Amino acid sequence: MQKRIAIKNHLQEIQLTTQRTVAMLIIMLVLIAFLIMRLGFLQLIKHDMYTTLSKKNWLDLIPIEPTRGLIYDRNGLLLAENIPVFSLDIIPEKNKNISQVLTEISKIIPLSETDITQFKKELAQHRRFDEIPLKLRLTEIEVARFYENQYRFPNALIKARLIRHYPLGAAFSHVLGYVGRINLDELENIDATNYSASNYIGKIGIEKYYEDELHGTVGYEQAENDANGQPVRVLKQIKPVPGKNLYLTLDSRLQLAAEQALAGHSGAVVIIQPSTGQILAMVSEPAFDPNLFVAGISGQDFQQLQLAADKPLYNRTLRGLYPLASTIKPYIALQGLDSGNTTPDFTLFDPGWYQLPNKEHIYHDWKPHGHGTVNLNLAIVNSCDTYFFALGHKMGIRAIDDILDRFGFGELTGIDMGEEVPGIIASPTWKRRVKNTAWYEGDTLNSSIGQGFMQATPLQFAQGIATMANRGKRFAPHLLLIEQEPGKPPEPQMATELEPVNLHNEAYWKTIITALQNVMTQGTGHVHYGDGMPYSIAGKTGTGQVFSIRHRDEEGKSEEQEKLPEKLRDQSLFVAFAPVDKPQIAIAVIAEHTNLAPNIARKIVDFYFLGPPAPVTAPTPNKEATANVIH
Amino acid sequence: MLSTNTFQRTHNPHQNMARSFWRYIHIDLYLLLSIILLTIMGLIILYSASSQNRVVLEQQILHISLAFAVMVFFAQIPPLLYQRWAVWLYGIGLFFLIAVLLVGHTGKGAERWLSLGFIRFQPSELMKLALPLFLASYFHKMHLPLNNRAIFVALMIILVPAILVSKQPDQSTAALLIIAGGSVLFLAGLSWRLLCSLAGLAVLCAPLVWYFMHDYQRQRVLTFLNPERDPLNKSYHIIQSKIAIGSGGLFGKGWLNGTQSHLHFLPEHSTDFIFAVCGEEFGFLGSIILITFFMIIILRGLYITIHAQDTFSRLTAGSLTLIFFFSFFINMGMVTGILPVMGLPLPLVSYGGSSMITLMAGFGILMSIQTHRKLLTT
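So the sequences go chain by chain: A and B.
Quick note: our numbering has the first sequence finishing at residue 631, numbered continuously throughout.
Quick note: our numbering has the second sequence finishing at residue 1009, numbered continuously throughout.
Watch out, some of these pointers could steer you wrong.
To be verified - Coverage of chain A stretches by chain B, computed from C-beta distances (three or more under 8 Å per stretch; other residues unrestricted):
#1 24–30
#2 41–54
#3 213–226
Unchecked claim - If you want a taste of the chain B side facing chain A, the calculated C-beta under 10 Å gives, among others:
#4 699
#5 873
#6 936
Note that these hints are calculated values from the structure, not bench results.
Computed from a predicted model, the values in this text were never measured in an experiment.
Just so it is clear, CB atoms sit at the ideal spot from N, CA and C, and this is done for glycine as well.
Let the sequences and hints guide you as you build the complete structure.
Printed below as a string of structure tokens:
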């Protein structure tokens, strides 16, 4: 039966299966056509998209941090360098429980609270996928101890990195400033690409002002990555361009001498080379160790610095405002001559007081019974207030403001550091705006002896006296001497000349400068500065009132001053330049709550001209001379 | 018509001699050469996909040699014997499928291996051959087209092993079994209407089966299919695979230059996703060439089907050809993202021995059908 059926249907079955085979072929061809269309879609139409995706998969640009430029003083002494340290870094992504890891690590390597706070701060900001330093500057023992336990911390690693170091520490802290970790605010204002590998940025001082020069340009490494994100090989490398090296105008020996001379007092010293405007020394005391800030200062340390009564973080050279006091007198005298309100020969009898016409109020000279008959020279030499009350009254506040303005007071000096404040040239408009009261004639009198509202920064004091030394020629004070791109010749910075102070008669310069020289040989300067210096010097002292005790006439008595708490004592000011004929330095010294400014200046100027002092064997007799207040 | 062909060929004595030699050892030269062509290209791709791993290459050559031996062995057995033994093969296969569920070894989370003391094998692979053979021998005794009873029995013959295999769980092999059985039914002239409704039913059943599975079972399936699967991103494989193929473009990135596979973005690049390596390194043209090599085998398989002399041979040959087609088509569809991800290797190209031996055994049966043909007619 089976056979019968088979024979009967044989041809029909062949026909059927052949048909079905052909149908099968057609179905297969359709499917293959569909597959080929799909391949064409992926490989021909969407090729570009997938190429991009593929590259994104395996190519990674790893930024390389440029080495920060070095900072030298004018003699090539290193002021800011980069030193290699070992840091303990954490790769945060892979760590689920950071706190636990930190606890474990702290059992091996002691972590300060600052380390942890700083780390968590950075973790929160978290700009990149790479390691965050947990602790900088590991000791060799800590490094060894970590390596012993490394297997326990797959996401922690020891990394060698360069960090900023300031070998001279506090002496340059206010000028150089410091670098610190980039914070969120800064992140918004920087070129994120150029800083993609950088952890540090200049926070203040030269480090901040010349940030662009010092930072350099980021480099890149194009690396091939595998699916786990591990680099397989480097395909291309664009080397980072290191930052420029800066040579500052500062003379570190002079700077250190100034710091030592000022040590123990709050105050500021600024020394300018009058012929160029180069700043040779700029010291603000007290200071701080900038190295503390590099690794991230602890909250406690920072608070201590910030709350200290003598304000070590405060850069007095640029931000401290002091009354011009008697140092204003040479400028007023110059204006008096130039405006024809006085002559070198004009004399005035000083009874010890001055009274405005038709007014009852009496303005006392600092010397109770007066200086007697004084001409311009004597008025400057003895710092006669009465003479300047009269001259100021005659000239009026506009003329006073005018000369101060021409010498650069009341406006930013434009020093390449930023941070500075403009100071105040008081005027009726200013008083109306700020104090909302009218300008009185008495204000003019106070202004003419520098005790009113006039305020200036130590830098402006120095710039003013440098202009005087230059006979009116003015240069913008600056700190950058040479900029050097690595591998390229150094580029010296040109001095920027400012609008000079022009007088109707050049001879007036000599009149005033001679008077200033006399101050140092016979007048108020001589008392404290002493004599016996082998260089000629012209200068002017001043005492700024912090607290008016009873009245001006009693202020001169130092016994009164010494009864006061230190912070209410007067500030002593001293400006000078030397030598008189071809000035090499112009110096401004401000010492708060003491009358030692000329003494301090002496040490510094002597150092400049004579080199380091001989070892001191006995207490200097200068101490006794400090009994009197300087005018 | 067939006899005329034979007659014409005898005019060339040299050709005749050559032919008769291959006929004598029961090897189909066309099929052999096209398989060799494909395996050579497969080895070239595998060498790159394995990151130039010589050990992998040597292992694969060993697999291929073994598989060729199996093929030659299967080619020696006349179709009549297959027809007679089919029922036994099927029975043994079924027995082992049940056995593997009870005492099977768990490999990669699925019970598919059965240890017979000295050898471990997958009963589902045996079933891939036994099922079409048994159905063909069953239909051989039937009237064609089939009556309803025969269709019902056939469905049972297909579904019982398919369900057992899917219980392992190995859904992709189960699907291949259904395709194998279905192809026999199709060739046997199952009406288009019934075919469509059965296909529809199968499509409906697939999610239903999925639905009734426990979550951990699904997880096991998925984990088995993609051992490196990113649990958060289920589409990681296919995305990387598409990137590999798409970035290859027209000419490809060049041999050994595929970044997707060499940097391990492409998962399973030596096994299931090897087609993506081909697409990445040899581009659109290289993929077309590879598909062409596959299609040459298919065409030869269909040629053998049409020229087979009895219903059993035709159904078997057609079914084996179709299984081969679907095993590479599903893989390529999966890799290019037009089919869901299933754990099916690309036949003759992917690294691995087990499925290759089954496949070559199938080619051996095809050769047997082709080379024993003349003996039956003369």
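Now the hints, each set against the structure:
| no. | hint | in the structure |
| --- | --- | --- |
| 1 | 24–30 | holds (count 3) |
| 2 | 41–54 | holds (count 10) |
| 3 | 213–226 | holds (count 3) |
| 4 | 699 | violated (25 Å) |
| 5 | 873 | holds (6 Å) |
| 6 | 936 | holds (5 Å) |
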